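Protein chains: 4
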Amino acid sequence: MPFEIPAIVQDRVSNRARETMKKIEHFVETECIPADEIYEAQISKEPSLRWKTYPPIMDDLKKKARAQGLWNLFLSKTHYSQGAGFTNLEYGLMAEILGRSHTASESMNCSAPDTGNMEVLAKYGDDAQKKQWLEPLLDGKIRSAFLMTERFAASSDAKNINMHMRTEGNELVLNGTKWWSSGACDPRCAVYIVMCKSELNTSSDPFKQQSVVLVPAGTPGVTVLRPLSVFGYDDAPHGHAEVRFENVRVPRSNLVLGEGRGFEIIQGRLGPGRIHHCMRSIGAAERGLDYMIARVNDPNRRTFGKLISEHGTIRSWIAESRIAIDSCRLLVLNAADKIDRHDAKAALKEIAMAKIVVPRTVCDVLDKAIQAHGAGGVCQDFPLARMYAGIRTLRIADGPDEVHLAQMGRNENGRAAEIIKKHEKQEARRAELFRQYKIDGKSHL
Amino acid sequence: MPFEIPAIVQDRVSNRARETMKKIEHFVETECIPADEIYEAQISKEPSLRWKTYPPIMDDLKKKARAQGLWNLFLSKTHYSQGAGFTNLEYGLMAEILGRSHTASESMNCSAPDTGNMEVLAKYGDDAQKKQWLEPLLDGKIRSAFLMTERFAASSDAKNINMHMRTEGNELVLNGTKWWSSGACDPRCAVYIVMCKSELNTSSDPFKQQSVVLVPAGTPGVTVLRPLSVFGYDDAPHGHAEVRFENVRVPRSNLVLGEGRGFEIIQGRLGPGRIHHCMRSIGAAERGLDYMIARVNDPNRRTFGKLISEHGTIRSWIAESRIAIDSCRLLVLNAADKIDRHDAKAALKEIAMAKIVVPRTVCDVLDKAIQAHGAGGVCQDFPLARMYAGIRTLRIADGPDEVHLAQMGRNENGRAAEIIKKHEKQEARRAELFRQYKIDGKSHL
Amino acid sequence: MPFEIPAIVQDRVSNRARETMKKIEHFVETECIPADEIYEAQISKEPSLRWKTYPPIMDDLKKKARAQGLWNLFLSKTHYSQGAGFTNLEYGLMAEILGRSHTASESMNCSAPDTGNMEVLAKYGDDAQKKQWLEPLLDGKIRSAFLMTERFAASSDAKNINMHMRTEGNELVLNGTKWWSSGACDPRCAVYIVMCKSELNTSSDPFKQQSVVLVPAGTPGVTVLRPLSVFGYDDAPHGHAEVRFENVRVPRSNLVLGEGRGFEIIQGRLGPGRIHHCMRSIGAAERGLDYMIARVNDPNRRTFGKLISEHGTIRSWIAESRIAIDSCRLLVLNAADKIDRHDAKAALKEIAMAKIVVPRTVCDVLDKAIQAHGAGGVCQDFPLARMYAGIRTLRIADGPDEVHLAQMGRNENGRAAEIIKKHEKQEARRAELFRQYKIDGKSHL
Amino acid sequence: MPFEIPAIVQDRVSNRARETMKKIEHFVETECIPADEIYEAQISKEPSLRWKTYPPIMDDLKKKARAQGLWNLFLSKTHYSQGAGFTNLEYGLMAEILGRSHTASESMNCSAPDTGNMEVLAKYGDDAQKKQWLEPLLDGKIRSAFLMTERFAASSDAKNINMHMRTEGNELVLNGTKWWSSGACDPRCAVYIVMCKSELNTSSDPFKQQSVVLVPAGTPGVTVLRPLSVFGYDDAPHGHAEVRFENVRVPRSNLVLGEGRGFEIIQGRLGPGRIHHCMRSIGAAERGLDYMIARVNDPNRRTFGKLISEHGTIRSWIAESRIAIDSCRLLVLNAADKIDRHDAKAALKEIAMAKIVVPRTVCDVLDKAIQAHGAGGVCQDFPLARMYAGIRTLRIADGPDEVHLAQMGRNENGRAAEIIKKHEKQEARRAELFRQYKIDGKSHL
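Chains as they are written, first to last, in UniProt numbering: chain A, 1 to 445; chain B, 1 to 445; chain C, 1 to 445; chain D, 1 to 445.
Note that these hints are calculated values from the structure, not bench results.
As the structure is a prediction and not an experimental result, all values here were calculated from the model.
Built from N, CA and C at the ideal position, the CB exists for glycine as well.
It is possible that some hints are incorrect.
[What the hints assert, rightly or not] Per the computed footprint, the stretches of chain C lying under chain B, defined by three or more beta-carbons under 8 Å from a beta-carbon of chain B, are:
1. 37-50
2. 153-163
3. 307-319
4. 394-404
Generate coordinates for the entire structure from the input sequences, incorporating the hints supplied.
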């Protein structure tokens, strides 16, 4: 199936984007998806080597993709000059295709958390920081990690983080522990972008106490304690690390933007990143649906004399999955478009909706795909269980769904005074009409 | 709240449409919503008068609306010349506003089934038919009914209908019974558009056996047997009738388009009508959400020391309702836009999705709004239970959800061969890569 | 189908109860269900007569039922001497059968709110009150209403009620308004059991400020303002009234149990009543499932060449409905059994579960049954929409589901300290085992 | 919390069972749960050793448990003489407690698939088979596997299996491949119970073509191809194997019960096994709920100034989880009780309900528990994700939910003729009553 752009955004997608999408789709379907299992097989299963080797096929994919101009597609033209010049909406559509394959995003230098980290450096980094870290990241030479979450705090609220930063002369001294530092286990990870609580402003504005610091991997005092698993997957070689900082010292110049400006930085980082995650998830759902359809039409798997696809329940799963996916896509594209027209802050509500709805919906689609595969669905023979596990974490990452729902509920509830006033006016007009038409306003009920 | 157009369709809405939407919104909020209860109170509760009187306030509303140019907004500019010149997408946004009030659609001559009937006459009627029926309908002088559904057949599949039509000389003779003939009880209903099974082609193409015939109300042999209720509502003065035809004779010239072309006609009729129903339902959901928010912020209804809106469960209902409504809107607008770019047939999938998703989602939102009102929610003091009942029927009208899901599932499943072929190619490429990288393709699993 | 008692309660049902159940089932299936439509038809549709006549068929049914000993079955043997001597569990099974028909409960003098009111009088009334009100109620000569809910208060919390009661000499003076006073519109309703806020203890214990007063219908100052509708149903002749009290005076001897003891009374009233409502709802669900099965096997309603029952989606609806119903039954019977073994207070949790789960589950079953009937399902031709509406109110009556969920959540959360202590002990033992088996407790993760 | 037996089964649980349950609970809470992580840590992570070592702590647990008489509790007294003498209902309650810990079932020699295999041998094995395999299994000296599922067949319908068995003289020759052979990777697994398709009866009764054969592990021609993973978990040392049979020869005396009697054997095997799985799942859900409650009351995890447990959404999760668990328990116990009163065949419907409802419900509870733990929930720090993955497979094992739903739907739909007849009788009686009361049966609608 050639990739289909929804009617409603036809006018918003340039010809160049359409051409690029076709190239991406071809590359993903013919190179990346077939490469996924090779990539997996090239990761050592020996505990001592597991986090030290890197699958050679990835470098080959990267070379091929870059040669076709499929590189750094994510930096939106509205807000950055270093990228490929697409809008968030256009890149959203591309990200969906990337989401079909485990290796696709990285092959085009579009994988998290590097994308968000490059955005941070491009937007907030000074020239030296850009030269040292942004350039090799854009070049795909190194990788990076973003260290925010903490094990013993409700760190989805950044005000709760405990990683301590103090200033000693020209140095910053960091102490604390982070976890779920995705990518920090990767042998090529060269820099950590660390969210700290600094001593500045502790008695005043709680939104000005966070600072973002660049810590080179291998800095003395940093210990990668262990990789965390997602359901049973360790996601090697990328991984999700628990990392300890004991009196880790870096120069003050490693501060991004300035002390106390951490909140500002992560707010700017989150919007497009959420769009990317959502659209990749949708791509995963499309792939799950493809697998489901292929499976239920397997002529060797007839039950009760029929192809599985002839059973009404399965038919309705297929239809519901199609609806779920197409709904999600519109929701995300609308958010991306609002970022393009304004910025991420203006699109807060739309981004939050996508963040809440897409992962849970895609998990449902994948769960149905798993179920349609029977025992095959939960094991390594299909990418379904793994995709499920990965996308399940998106209901937690950057704050659990419930926090976003509560916030959105509070904002929407902010309309109360206005609504009540409107109702009162309508009530007054209603009373007027009852009088005009000579009806007893009470008795008619 | 000023009506907000989603980012993604900003470019698709003309300034004239925006201006009209503002006028519609003002009229609905200040005239129609306050009028809803008066309209209700003006309907007699005496059984002998209930279906004979008509609420005078409606004619006043119609005059006011027409004076502001708010009239016949529904006929899309792409496909009709008689209308107000808006696209399906633009009118969709307007229909949402109309959906907030029971009296709004009719006040602007935009209410079902007249809208669909006018589309049929405009598209398929001959000049005489247009003069006799379309003109007074467009003028709001008469109303009409569409008679399709039958009590003792699975009539969501039009091939199953039994209303018999035979030709005798220059006359058509109709025999049979229809039910759920919405509007046929209305004292101003002047014409029935009746779907019949003619004797033509009975042995051949099952899609060429249906004919559409215009039957003036009051034609001898027509008996309105009884009004049907929806949950407990009879929806007077409009109503839903069971109507018997006993040797009803009309001239052959009352055939629309020609014998055996009924399928063609209803196919063309359904698309935009479903968009209208969906968008009006979304307007009802918005009103339900308004009521919910107003209620849970009522300072006299504290429980356990808090405003009801401060309870987390209610907060999440408000957020989920906002998400549900905004998702539905995008789904419908995307379908409307596809109709505008192509036609209803091209947008079959998108229309079906909207038809399936919107009513069930809006019912959920309204059910939550009811629940938030406690006992008030189910009774006549709020329009919530009534809106619920009305929209509940949309899950059945024009075929139950399950029929549409089955059809959509079958269509989507049609991709099977293509997917399987793609998977085979990927499998071949995978095998090639395993060889190239010297990995045993079996052992790695 | 002969009524089937779940395996798990086989030993808990006496032979006498089994015999009675058989008689009830026969009476309900052959007398009550056929009578339901006659009962409905005998209620006048003229507004002026609607609340003044009473369907003659009911008295005939009552005579027949009583002649067979099917009378006052609800008063449980454990707690009352006046009843038929069954346990709550046994009567629960009987109530399920009653729930299949609109007329069944009343025909055996087992209908709400009389049942709860008789329990109150039997348990808390003095001899004079019993003679005046309990005897004719037990005799089926009069009916009664329970006036608790108020329109402008969150009255699911009885502490919020506003109906004011003051003492003047030997008289009580009542002022205020109640609504949803079910049965108060009935021409045979002779007494209101009114929950008031008395002036006693207003500064101290908020649970000792409520009093229950007996007010004879027709007492000067009482005005039945209007009947409330449930969805569109007015439930005549029973009805749900809004009732105003203006300086209504009754003798002090009309107080039940004593001033300030209202809370105590309603607490005792609610348990078994909730069991009855739940079990009747289950009976309604069984009837809904019967209708669904009959409909989808109608040979005249084939779609796509198959009986509707041959479609997989419908098959799964039937199965899910069976599961839902059987699950609900076990939940309610377990609660009933706990009341029998102890009392309603001990069974608080079990009753609350049933109260929360059963109505929502039965609404789901009935909604599916409606959907399976297409347009027939929402109208007067089947009892489905009406049963849905009635049971929908049970999610609100006696407090909305959400209040019960919050309370149950709080109680269950009360286990926190105990669980945390258990986890700490297990953690200590785990550390011990790690030492014993010489494993580094940290590194293994 | 002392283990609480539902009211409804109080009379069905002997004092001896209660005493045993107390001992089991104490052993599980103080020995098994703390041992779970040690057991895990004792499994080698080196690929070459992973399936060859066995955690020493298990043997210690087994010794301790057996010393307390906690051994072979599963063989029900009604149907077997070798067991501990409890009913299925009593053992069900015990199995729930076992389900709280990964190591508990095996420590008391009550773990699948050995339990089902021992039932097969006890019920259908001849004396020699019992001596060779049942005795050491009952003694906990060896383990066993049950080989049924096949990769390339819809093997949930046993008629579809392809493993070929032919007779050559006194030998049986097996060819084919099985997968999801749980336990076949275990170094102590000594015997495979293999479901084959024999050449007998191939042209006649399709239910008489299956045979069950005992194949000692290590028989020439048997190759364990690979372990399958469940989500990311390999469940070592137990594991789920793909196993190839190439001309595997065993004596004819290794046939169980006789050629062509395989269907009969698995039918008898499944009932109690499903009860065990369900009850263990319920125990897992209880443990998940415990974790959830502990987590949301952690004073270090306040959000928005409140304990997480003070948020309404979480409160409702806790309540809904309690309801879900208690409902499931009643459903399973009712099925167990019916097996006790009759046999597994008589309890087909009740067992199927439990099989369908419990795994999906427990997955929901565990998913909420995971969500309440944030990122901690999906990783190795809590047993939640692992329990989720394990129980997720129960929606597939022994046939996917949808197959059971379809079957149950078909059975329930079998009541159609009876219902239709009942409705016709009621319709006749209704017509009679309309005449008797002189009402026009049509006009009243």
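Cross-check of the supplied hints:
Using a Cβ-Cβ cut-off of 8 Å, 3 residues of the region 37-50 of chain C lie near chain B, which meets the minimum of three, so the contact claim holds. Counting residues of the region 153-163 of chain C whose beta-carbon sits less than 8 Å from any beta-carbon of chain B gives 5, enough to reach three: the coverage restraint holds. Coverage of the region 307-319 of chain C by chain B holds [criterion: at least 3 residues with CB-CB distance below 8 Å; count 4]. Requiring three or more residues with a Cβ within less than 8 Å of a Cβ of chain B, the coverage given for the region 394-404 of chain C holds, as 7 such residues are present.
Hint compliance for this structure: no hint is broken.
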